[in-house]
Structure formats: C-alpha cells, structure tokens
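*Asks:* Listed here are the chains, written in short residue letters.
There are 2 protein chains.
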Amino acid sequence: MHFISETSSNGVIERNFTLGDITGVLWSSASSSAGAPLILSGHTGGIHKKAPGLVANAHRLVTGNGYTVAAIDAPGHGDRPRDAEDEAARAGFARAHENGDPMGPLITEYNTSLAQRAVPEWQATIDALQALPEIGPDAPIGYGGMTLGVAIGLMLTAVEPRIRAASYGPVFTYEALIDAAKQITIPVEFTIAWDDEGIPREPGLALFDACASPEKSLHVYPGRHNRMLGVDPDAQSRFFARHLGGVA
Amino acid sequence: MHFISETSSNGVIERNFTLGDITGVLWSSASSSAGAPLILSGHTGGIHKKAPGLVANAHRLVTGNGYTVAAIDAPGHGDRPRDAEDEAARAGFARAHENGDPMGPLITEYNTSLAQRAVPEWQATIDALQALPEIGPDAPIGYGGMTLGVAIGLMLTAVEPRIRAASYGPVFTYEALIDAAKQITIPVEFTIAWDDEGIPREPGLALFDACASPEKSLHVYPGRHNRMLGVDPDAQSRFFARHLGGVA
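If you read the sequences in order, they're chains A and B. The first sequence begins at 1 in my numbering and counts up one residue at a time. The second sequence begins at 1001 in my numbering and counts up one residue at a time.
Just to be clear, a hint being listed does not mean it is correct.
Claimed, not checked - What follows is a set of in silico ranges between Cβ atoms, one per label pair, in the way DEER data are often shown:
#, chain 1, residue 1, chain 2, residue 2, range
1, B, Gly1104, A, Gln183, 51 to 59 Å
2, A, Ser33, B, Thr1018, 54 to 62 Å
3, B, Ala1124, A, Ser33, 56 to 64 Å
Keep in mind the hints are simulated off the structure, nothing from the lab. Computed from a prediction, not measured in an experiment: that's the story for all the values here. Backbone N, C-alpha and C define an ideal beta-carbon position, used for all residues, glycine too.
Let the sequences and hints guide you as you build the complete structure.
*Replies:* Rendered as structure tokens:
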C-alpha cells in the first residue's frame, strides 16, 4: 500500500493510496488510534471512491464515531483504466437508456463481473489496512454501500469473516445476491427506496428476507435510491456504533 | 378531567384521571412546562393504558424528551367495564384460539367497533388535556401505538388535525385502515414484525404504501409484533423529536 497524497479538512485526514492496480482512499482522524473501527465504503456504479456522498459519510464516521474509513474504486471506475469489458458495458448502458430498453440484464451481468474482480481486491485492501500500525489486526470492520457497492459488499461479506456488521443501501437484486445474503449471519441493516423504477421493491424485500442474520433490519423510504426522503443521516453511524463500538 | 391519584417515580409524575367514562393516565416531568410536546399512547388489544411497555415508553419520552404522555384505556379494557359486545368478542377470540380458527375476521370486526368508540374519546381527551394550564392549546401532539393502538390511531389521525406526527407499530390491517392511511399526510413512521403468523407482512406493506404522507418511513424487524429483535428503543424518541421538537 503506497500513500500518494495527504490532505486535511475539518479534522479529517484524507490519504489517497494505491495497492497494485487498486486506487483507494483512507479517511482518518488526527486523534484516532490503533484498533478504532474501520468502515469499508462501497460506491455506486458509474461514480467513484470520492463521490460527494461517500466523502460526507466518511467525514461523519470519522468525526462522529472516531472511525477510520476506506474506499476503493471498483474496476473500471474512478482513477482506474477501463478494459474492453468496462467500455462495452458502458456503451450497453448508454444504448439501453437511449432506446428505453430494460437495464436489469445489463446490470446483472456487469455487476456480477465487477464483484468477481472487486472481492479479492477488497480482501487484499483489508490485508494491507490491517498491516498499518494505525489500524492493526484487531480493528472491528464494517461495510457500507449503495447499489454497485451493495452488489460487491454482499459477495464480499458472504466470504469474508473479518467483516462484522454491514449497512446495505438500495441495490438492483439478482439471484447471486440472494444466494450471498443466505450466507450472511452478521448484523445487517438494509435500506430500500420505495419509488424507483430502476430498482423494484419486491427483490429488495426478498433480499432482506433471504439474509440469514438473526439481527437484521429493513428501512424503507419514499423516493428513488439516490433521492430517498427523510433518511436520518446519523442512522448508519448509530448502527455501526451499536455493533462495532465507538461513539455514536 | 378529574385527577384521582398522583405518584412519582424516577422524576416522572404519574396521574390517573377520569373523563366521563374514560379512564386515563398522564405522565409528566416535574420540570415540564406548558407547550411541551404531548404524546398520545395507544395500547395493544387485551391489555391496558399502564401495561409495562407503555409505562417504559412514557418514562423514556418524559425523561429523555421532556414530553408529556397521555394514555387512555380502550373501551372494555383496563379499568373500564365490558359491555355485551366486549364480552362476546373476548369469548369469540378464546374460542377461535382454542379451535385454531383464523382470528382476522374477529379482529377486524372488534377493532372497527373499538375504534368507532375510541376516536371521539381521544378527541374529548385532547380537548381536556389542552385545557390544562400545564399543557395548553399550543403543545405539538404526536400519536404512538401498537396493534389495537394503531387501528384506533389511524382512524383518529385521519380525522384529527391536531395530531402532527405518528409512530405506528405492527397492526392487523383491514380495508378501513388502508382507507384511513390514504387520508394521512403528516410525518409517519411504521414498524412491521417480519415473522408474525397473526399479522401478515403484505397488508403491513400495503398500509405503508397507502399512507399519503410525503414524509413516511417503514422499519422492519425479525420476530413477532410483541418480540421484535433489534429495535433501537430510542428510535421513536428521535422520530418525535425531529417532528415535534424537544430534546431527543
């Protein structure tokens, strides 16, 4: 893991890093100590590790909870080059959007591929983060994300015992995600947007239903996934504080 | 409104009252002042205004939020006499339980009748509470309840503009409640128990869907309605604080 830049804003230190081909960012507090909980933050498809929503959420977790937060670009996203598959997928989405064709099959195929590539990348990133003296091997780890970040997060959480709590926003749900949810037994909160043509309700309810966690909850808000109405911005901070410790 | 007893515990003053045939209780803080938000608390069928859950919740809202909380016994419940209809309903529930018959039709019929009787009782209670100098006409009013308390609360909220926010727990849902939800436009939070033979999921989702409030949310937890797992006990306090003011 190579840190390539460091900036500071409102008491939050932001360090960009690379790990092989992976481009990532680590947010931490100047006063944070080894063993503080670490949140892995998964971005939405088409955007990147430092989209405004992710930055705001990271700042909230660092300053509010005293946590460290890490995000990496998904393959073909953000600072990472696109390969032929990524370009073909983007072209396919643009064409479907223009023609009014259903996006579901394209999302299923591309997110499945991205998750296959991203799961080992997240695992390598966790290895490298745990090797940092300011994090260490005992920091409780949580995962938070939305859409593509959930598709990746579910596949990761199903195979990664180091993740101890997860907060999943709305996601286009397909069979492999349902199967992953059946493997997940850690505390999980799900959020669904009730009025989203692109992400239907019923598969989201089925995903919650499939999750094997005894401690799970589902929170439903009106609106589309990127414009849910009335979400308490501190709800995720409290969820992680309940399950990973630290201050809410 | 006649106060018939007053006790005090952990900084919460509890006063039993009568208002005509209605038997009720008012919880307040020794330090609460006129204009502090007032929560109306609706109990579950078969129990009464001072069941342990209601008392605990009232104490939380008084000591945590600085609110006043009022509860009244539903007709035929608690300290109130049962008429022939109440006795017949109780006998019918017992018979259905013994025979393993479906309870839905009985609940629909009895809750419909109880709500018809309870709505004007709550309205008279609000009138009397607003006439108390320690509450006054400007106290923002919220409603919270579970099962029968929701059946009554939905019918009340649909016709009572003085209620400004409502928190509805799981309820056996029938058509009249769906119709009432369509009339409700204030901020509402709904809670559903995901694993309850007696209160199926789908009508609960339909109730949330029908509610006309732009600001509404639905929270789903595993378990039965009286044993939901992982509910944050302070969630309702925060909901009311967001919409009625006061300290969360």
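*Asks:* State for each hint whether it applies.
*Replies:* Going down the list of hints, with the structure as the test:
no.	hint	in the structure
1	B:Gly1104 with A:Gln183: 51 to 59 Å	violated, 36 Å
2	A:Ser33 with B:Thr1018: 54 to 62 Å	holds, 59 Å
3	B:Ala1124 with A:Ser33: 56 to 64 Å	holds, 59 Å
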